[in-house]
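With chain D's structure known, arrange chain S on it following the hints.
Protein chains in written order, with this note's numbering: chain D, 1 to 352; chain S, 1 to 352.
Among the clues, some could well be false.
Which copy is meant is left open, so a pair is good if it fits within one copy or across any two.
Below are the DSBU-like pairs computed for lysine-lysine, each with C-alpha atoms no more than 35 Å apart in a straight line [as the list claims (entries may be wrong)]:
(1) Lys82 - Lys221
(2) Lys288 - Lys172
(3) Lys240 - Lys82
(4) Lys289 - Lys240
Because the hints were derived from the structure by calculation, they are not lab data.
Number of protein chains: 2
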Amino acid sequence: MDLIEEAVTAAIDSSRITALEIDAIIVSNMLGEVTSSQAHLGSLVSALLPHRPPAIRVESACGSGAYALHTACAFLESGRAKTVLVVGAEKMTDVSVDAIAAGLMVAADSEEDRPSGLTFPGIFGLIAARYMHEHGLTREELSLVSAVHHRNAKGNLFAQFRNVITPEAVSKSPLVADPLRLLDCSPISDGGAACILSTNHESEFRLAASSIASDAVSITKRPSITSFPASRDACGRALKEADITLDDLSCLETHDCFSIAALINLEDLGFANPGEGISLYKDLYEGKKTRFAINASGGLKGCGHPVAATGIKQLNDLAKQLTEREERWGMAHNFGGACASCGIHILERMHD
Amino acid sequence: MDLIEEAVTAAIDSSRITALEIDAIIVSNMLGEVTSSQAHLGSLVSALLPHRPPAIRVESACGSGAYALHTACAFLESGRAKTVLVVGAEKMTDVSVDAIAAGLMVAADSEEDRPSGLTFPGIFGLIAARYMHEHGLTREELSLVSAVHHRNAKGNLFAQFRNVITPEAVSKSPLVADPLRLLDCSPISDGGAACILSTNHESEFRLAASSIASDAVSITKRPSITSFPASRDACGRALKEADITLDDLSCLETHDCFSIAALINLEDLGFANPGEGISLYKDLYEGKKTRFAINASGGLKGCGHPVAATGIKQLNDLAKQLTEREERWGMAHNFGGACASCGIHILERMHD
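Bound conformation, chain D alone (with noise of 0.2 Å):
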């Protein structure tokens, strides 16, 4: 509850509307129940604000935040709501390692994926190693992404991790779930993020467009593991209701909750041929200028991944690197499990 009052504090502080104008409440949680005992957050949310605005939780494992911004918005667009606060916390370090990595697989299939002992690491490391072997991507190649990730966040106060590493170093980290290793991995984290949507105010931002999109939970269950077909489907959506193209996007932030997985999403969302997402980073690695910022926050490796918030703080990370960077267009893509569920947002900056 501090973390959700200080996001809560912090986005009405920063926005032009009162507290009292706020007529419904989305709240994005996962683990509640896992890590602190607590369901029933809309109600706990709402008490927070004098005049106890509707509230409600939604629950997309990771992709919690993108679920909670798309029912906003459905909320909006009904008339029932015209200024909804959209909040999303994680409190991970309560518990044991071995509670959290238990706690995290409810975002997997419990029945076909829990009894082969299956954790998340274990599943980004089935789908690194298949990549691997499907493209011929090097353990020195994949390092590239932390690498760059770390170094991104390192001037963002935000981030739980602003130390710079080397690809080396990512290489050298512990093995985890080969052939990932620790610093391939984003962390256990405690957050919160919140954001305010409303039909009644003027803003430098909009939001374009938003979709979600789902598939089958066990990856055992897929065709192939080393694409994400829901992140495809969600992304044409998207672009479509914005009416723009891929071309115009200056700025992602992409759900690199594996190392593995922000290249298979550069792949998805169209940026890169399949097996080509590494050219990119290193582009960024060596500094070269890409066409577009990738995860200019430090993504979920460099700035922590409290689950079921990441999905709206990489909303309003898009909104400061459009400003910084006076462009219009940029894209989150969140995702839940192994993208069982993704829901992908277009923010637009009005004033060029």
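Chain S only, in chain D's frame:
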């Protein structure tokens, strides 16, 4: 997932729609993480349909069902969906009694209520004791509530308990949380319920109103524990939305998680003055004709209370009752915790 699949199949089979018309799914679930180590139910349910429509999981404790219906309304009104499947399920009997009692406490305030050792029978025991003190309700009178609910459930093939019980049996059943006894308490249940809301089809039924409201989660933060303001708030807004008065209602399904709740609810909804809710149950017990039916399904006590399914099941029960009685208006009243979240739906049968 079996409970969900059975409910979904029944909902589709009994409707005029085909599965492929469903363009959004709202899943209601409270305890998946606690009892089945399973979150991410939106994507799991989506995969039951060949075209995997977008699917969101909503939670508001035992009021999750009503909150899912409310969310579905927003998606329909936004135009983002034309046909929404709403499904709720709960599998509560796979874990120990201790585990489920502790698990249900995720609906309470884990910082304020849990440290005192309270459980929900304990919370409603305090509420019942206070209500008896304030209004002079006797133990014998309170026992009429469950007796009526069991008698109502007798003919309901979906009810968990179809045995008639006497008020004396209630009064003599084992003490659970003074003054509440075993037969004052809705049971631990497995169950699922689903319905389909569509703006694309003519139907015999129209969802005329949907409203939600919240209150402090901890009863320690309430000025009174014998009245639930969230019920008053949600009910007032629902009646306004449907443009009817209480007098228009012929059927009420209300949230009798404990016998005392049924009395408080009748008073908060405006059907009885404070302290006089029991008079309606006296009439019902004596077989007198009441102006409107109360929990004709058997309520939570008779039907069982698979927590997140209950709010959806209430709506299905209202549809049956309005058809059987050839009446027009019914109200479903569902809440979470000690009414820290409340959802009200008004159903209209269109062809008199």
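**Request:** Please name the hints from earlier in the document that this structure breaks, with their numbers sorted from lowest to highest.
**Result:** none
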